[in-house]
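Enquirer: Sequence:
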Amino acid sequence: MERLTTAAARNIFYGGSLFFFVVFALLVGNSYMQARVVEQTNPISAEAARGKRIWEKKACFDCHTLFGEGARFAPELGKVWIKYGGDKDPAATEDTFKAWFAAQPTGTEGRHQMPQFHLSDSDVHDMAAFLRWVSKVDTQNWPSHAPK
Numbered sequence: 002m003e004r005l006t007t008a009a010a011r012n013i014f015y016g017g018s019l020f021f022f023v024v025f026a027l028l029v030g031n032s033y034m035q036a037r038v039v040e041q042t043n044p045i046s047a048e049a050a051r052g053k054r055i056w057e058k059k060a061c062f063d064c065h066t067l068f069g070e071g072a073r074f075a076p077e078l079g080k081v082w083i084k085y086g087g088d089k090d091p092a093a094t095e096d097t098f099k100a101w102f103a104a105q106p107t108g109t110e111g112r113h114q115m116p117q118f119h120l121s122d123s124d125v126h127d128m129a130a131f132l133r134w135v136s137k138v139d140t141q142n143w144p145s146h147a148p149k
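Residues 2 to 149 in the numbering used here are what the sequence shown lists, from first letter to last.
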């Protein structure tokens, strides 16, 4: 039975490390290119950028997920704009969001309650613009189920 020499082990280590570094670099490059495509096909407006800042400031990700990132305590919001008809009637959907935010917490027994954030009309408009932008991002059919 042949034994692996120190030189052979070193060559396997360096060769394997180089191979996986190249694979890693190619995957990073591919991810960067896909991110650029998303950025160019769905440019973010100033309103949507302000909405994202509100999302972060109010820590919505502490309960909700977006593109699978977040706490998974409350619903995924990636397609909530479409769920409430924003692709057909944006003004009515924004009004629905405004009413939803104003009604929180609902006090419905047995349900998790969303806090009252006291959002202004312009804040709700910016959040709606952010959720509209998010709904246009091609998530490659993720999540696999249709929004309820």
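Accuracy of the hints is not assured; some may be wrong.
BS3-like cross-link-like pairs, simulated, lysine-lysine; straight-line CA separation at most 25 Å [stated by the list, open to error]:
no.: 1; residue 1: K89; residue 2: K99
no.: 2; residue 1: K99; residue 2: K58
no.: 3; residue 1: K58; residue 2: K89
no.: 4; residue 1: K59; residue 2: K137
no.: 5; residue 1: K99; residue 2: K84
no.: 6; residue 1: K59; residue 2: K84
no.: 7; residue 1: K137; residue 2: K84
no.: 8; residue 1: K99; residue 2: K53
In short, the hints are calculated from the structure, not lab data.
Enquirer: For this structure, which hints from the list above don't hold up?
Expert: Per hint list: single violation, 3.
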